[in-house]
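Which chain is which? The protein sequence lines are H and F, in order. Heads up: the first sequence begins at 1 in the working numbering, then just goes up one per residue. Heads up: the second sequence begins at 1 in the working numbering, then just goes up one per residue.
Source of the hints: derived by calculation from the structure; they are not laboratory data. By construction, the Cβ of each residue, glycine as well, lies at the ideal position given by its N, Cα and C atoms. Check before you lean on any hint, since a few could be wrong.
Pulled a few chain H residues facing chain F out of the computed Cβ check, cut under 10 Å [to be verified]:
no., residue
1, L52
2, Q54
3, I76
4, M136
5, D142
6, V163
7, R265
8, F271
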Amino acid sequence: MSSKRGTLSRIKTREKIDGWLFVLPFVISTLVFFAGPLVVAFILSFKEYSFLDQTSIWQAKWVGFDNYLNAFKDPIFKKALLNTTLYSLGVVPIQLVIALILALIVDSDIKGKTFFRVAYYIPTVTSTVAVSVMFMFIFKTDGLLNKFLKVFGIPPYNWFGDVRFALPSIMGMAIWSSVGLYMIIFLAGLQDIPHSLYEAAWIDGANKWQQFWYVTLPLLRPTFFFNLVVSLIGTFQVFDQAYVVSGGNGGPLNATMTVVLYLYRTGFRDFKMGYACAIAFILFAIIFVLTLVQKKLFGEETQYQ
Amino acid sequence: MKFKRFVATATALLIASSLFVGCGKKEGQTTEQPKEEKVTITLGCWGSSPAETQLLDDQIKKFEETHPNIKIEKQVITGDYNQAMQAKIASKTEPDVYYLDVFQAPAYISKGVIEPLDSYLDMEDVKDFEEFLIEGFKKDGKIYGLPKDFNSLAIFYNKDMFEKAGVKEPTTWAELEEAAKKLTKDGVYGMALSADAARFIPFMLQAGGKINEGDNVAFNTTEAAKGLDFYFSLIKKGYAKQPKDLGEGWNGDALAHKKVAMVIEGGWMIPFMKDAGPDVKYGITKLPKGDKEGNLAFTVAYAMSVNSKHKKEAAEVIKFLTGKEALKMVAESGLAIPSRKSMEQLYTEKYPERTPLVEGTKGAQVFQFGANTTKIMDALNKAGEKLLFNKVNDGKAALDEAAKEVGQ
Numbered sequence: 001m002s003s004k005r006g007t008l009s010r011i012k013t014r015e016k017i018d019g020w021l022f023v024l025p026f027v028i029s030t031l032v033f034f035a036g037p038l039v040v041a042f043i044l045s046f047k048e049y050s051f052l053d054q055t056s057i058w059q060a061k062w063v064g065f066d067n068y069l070n071a072f073k074d075p076i077f078k079k080a081l082l083n084t085t086l087y088s089l090g091v092v093p094i095q096l097v098i099a100l101i102l103a104l105i106v107d108s109d110i111k112g113k114t115f116f117r118v119a120y121y122i123p124t125v126t127s128t129v130a131v132s133v134m135f136m137f138i139f140k141t142d143g144l145l146n147k148f149l150k151v152f153g154i155p156p157y158n159w160f161g162d163v164r165f166a167l168p169s170i171m172g173m174a175i176w177s178s179v180g181l182y183m184i185i186f187l188a189g190l191q192d193i194p195h196s197l198y199e200a201a202w203i204d205g206a207n208k209w210q211q212f213w214y215v216t217l218p219l220l221r222p223t224f225f226f227n228l229v230v231s232l233i234g235t236f237q238v239f240d241q242a243y244v245v246s247g248g249n250g251g252p253l254n255a256t257m258t259v260v261l262y263l264y265r266t267g268f269r270d271f272k273m274g275y276a277c278a279i280a281f282i283l284f285a286i287i288f289v290l291t292l293v294q295k296k297l298f299g300e301e302t303q304y305q
Numbered sequence: 001m002k003f004k005r006f007v008a009t010a011t012a013l014l015i016a017s018s019l020f021v022g023c024g025k026k027e028g029q030t031t032e033q034p035k036e037e038k039v040t041i042t043l044g045c046w047g048s049s050p051a052e053t054q055l056l057d058d059q060i061k062k063f064e065e066t067h068p069n070i071k072i073e074k075q076v077i078t079g080d081y082n083q084a085m086q087a088k089i090a091s092k093t094e095p096d097v098y099y100l101d102v103f104q105a106p107a108y109i110s111k112g113v114i115e116p117l118d119s120y121l122d123m124e125d126v127k128d129f130e131e132f133l134i135e136g137f138k139k140d141g142k143i144y145g146l147p148k149d150f151n152s153l154a155i156f157y158n159k160d161m162f163e164k165a166g167v168k169e170p171t172t173w174a175e176l177e178e179a180a181k182k183l184t185k186d187g188v189y190g191m192a193l194s195a196d197a198a199r200f201i202p203f204m205l206q207a208g209g210k211i212n213e214g215d216n217v218a219f220n221t222t223e224a225a226k227g228l229d230f231y232f233s234l235i236k237k238g239y240a241k242q243p244k245d246l247g248e249g250w251n252g253d254a255l256a257h258k259k260v261a262m263v264i265e266g267g268w269m270i271p272f273m274k275d276a277g278p279d280v281k282y283g284i285t286k287l288p289k290g291d292k293e294g295n296l297a298f299t300v301a302y303a304m305s306v307n308s309k310h311k312k313e314a315a316e317v318i319k320f321l322t323g324k325e326a327l328k329m330v331a332e333s334g335l336a337i338p339s340r341k342s343m344e345q346l347y348t349e350k351y352p353e354r355t356p357l358v359e360g361t362k363g364a365q366v367f368q369f370g371a372n373t374t375k376i377m378d379a380l381n382k383a384g385e386k387l388l389f390n391k392v393n394d395g396k397a398a399l400d401e402a403a404k405e406v407g408q
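Produce the complete structure using the sequences and hints provided.
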């Protein structure tokens, strides 16, 4: 008996080692390229440091919470935070609603749905920089949008060059380019709903609308939560579009300055890497809290089967 | 069983080790060199036009011919040069010698990452360089970089449009405004102007204003405001348009596409116009004079890393690349104005039509404003945008707000 147990435990230990060996590449790359930098960045956020400093990170001057406190006194950071929040509030709901509608359409029995699925997904796999450049062509003063509006007698406008329209223009671009991703996830969620539930609802006399309202939506809740979290994190981290459209300076008049763009500028252009790290952790805290709140509101796991 | 386990372990290790392939330095390289002491100096630069790349390659080839014991290894940095260079400096893997834009120079110099060159230089020879250019790379009397070439601003104008409108090359502010007014017709605007400090600062200087006094702000004066107001009045009166409002990417496009008659740009327009607007007959003339002359000079120097292991050889490289022979090649290429006074004549002789670019450097200041350069630029750019969007009453108010922003 005892010897048998010994072999068993030895096999188990071996399996454990094998298991670790298999995940080793990922564990190492995570430690080296993710966890390590994360810890260093966190330490840096309490220091005054720039990459040009000849002293090492560890010798850099400790400034305590100064970087964090300064951020909340910094008018440009506040403006960036406001812009990012507006951007997020605008993009997330519109994006998710459109994605859900698209998912419902391509999930139905319309002709050529594979074509539509691909067509809506293509912007997602296109580089955001390429998308931004394309939209700059559309939105420029003699671009497509203005030519279209001219038909209705609306005079041409420099959309990205205007304080009021620059951010909404970027929002429109973001919605267009990422809606496909959320559509695909909604689609997966829709196809996960057992057909028998619709049948039961149909037998009970529920019409299409009632089926959607009482079967589809509640069962999509986990998918919806996932999409909401991912979309919110994505929008709070917006960088590429703002960088390309404003040529890196967040203009006009900081109208397109986002938190990550400001972080990038302070770190690499103003040589304040410690401050930039503090901004990154403030952003992290905001996203983390928002995610917790969402989990409370939407996140309970529901089982209908 | 055992074999399976072996395969599993080996696979895992192989995958794990493959992560680090490419991280290590190529060690075999130095041993392959011939036995004599040959030193390799790395040279960091950004990617540029084929013509400029060719010029640098030719210069390097010449250097290696005359200095058989030194090999130059060019490291072209693509993407954001300033960002990439910071990462390299932080990991102490920066090139021995690298391009240093005058705009970034104060930050790099004050952080102590650049080696002072004085002990390697012949001070008599340094006098040959344009003084205001060297000034941009000096701190506490020490020289931290030798400028390789420079460009300044001038008016590039469409000759046909000037002829048709009967306009002569403007030499004063009043003449500039008059010309812009006459040239604004048939859907064409007199000028393309953008709310870019790198273009309106010359006007602030021409009005007798200053940008900085050492590391302090000095632009919130009525003189500087006068220049700013004049610049933006041209837009407000409708004689000038922002290139973006014309659907153009930058001033150069606007001239190449015949949407404006005049733009304020530098020598980089010449190769650009050859490609983008070969049918546009254009002329070059000096910036107009306000109360005095004023202009900006954009320059790049070769600087040496303090961490270089071969400083003597690195200095040789810098001295050669900014030496008379190398700058003669710059002058002949016409790509930029050579930074040595003795070579400027060669440039203007070969390209007489570009003389205004050189003449325009009288009264010029380098594109750099002390320790707060980036802050000042951000604030001034914003001041320009505020004027453009009518967020402030006049230039003085905009500049006062900008000065406050820098002070924060």
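Next on the checklist: Less than 10 Å between beta-carbons is the criterion; does H/V163 satisfy it with respect to chain F?
Outcome noted: holds (6 Å)
Item to check | Given hint H/I76 near chain F, where the shortest CB pair must fall under 10 Å | outcome: Holds, because the Cβ-Cβ distance from H/I76 to chain F comes to roughly 9 Å (cut-off 10 Å).
Item to check | Interface restraint verdict for H/R265 against chain F (beta-carbon cut-off 10 Å) | outcome: Holds - the Cβ of H/R265 comes within 10 Å of chain F, reaching about 9 Å at its closest.
Checklist entry - Against chain F, with CB atoms and a cut of 10 Å, does the hint on H/D142 hold up? => result holds (3 Å)
Checklist entry - Against chain F, is H/F271 within 10 Å by beta-carbon distance? => result holds (6 Å)
Checklist entry - Close enough to count: is the Cβ of H/L52 nearer than 10 Å to one in chain F? => result holds (4 Å)
Checklist entry - Regarding the hint that H/Q54 lies at the interface with chain F, is the smallest CB-CB distance below 10 Å? => result Given a least distance of 5 Å, the restraint on H/Q54 holds.
Item to check | Hint check, H/M136 versus chain F [nearest Cβ-Cβ separation less than 10 Å] | outcome: holds (9 Å)
In terms of the numbered hints stated before, the structure departs from none.
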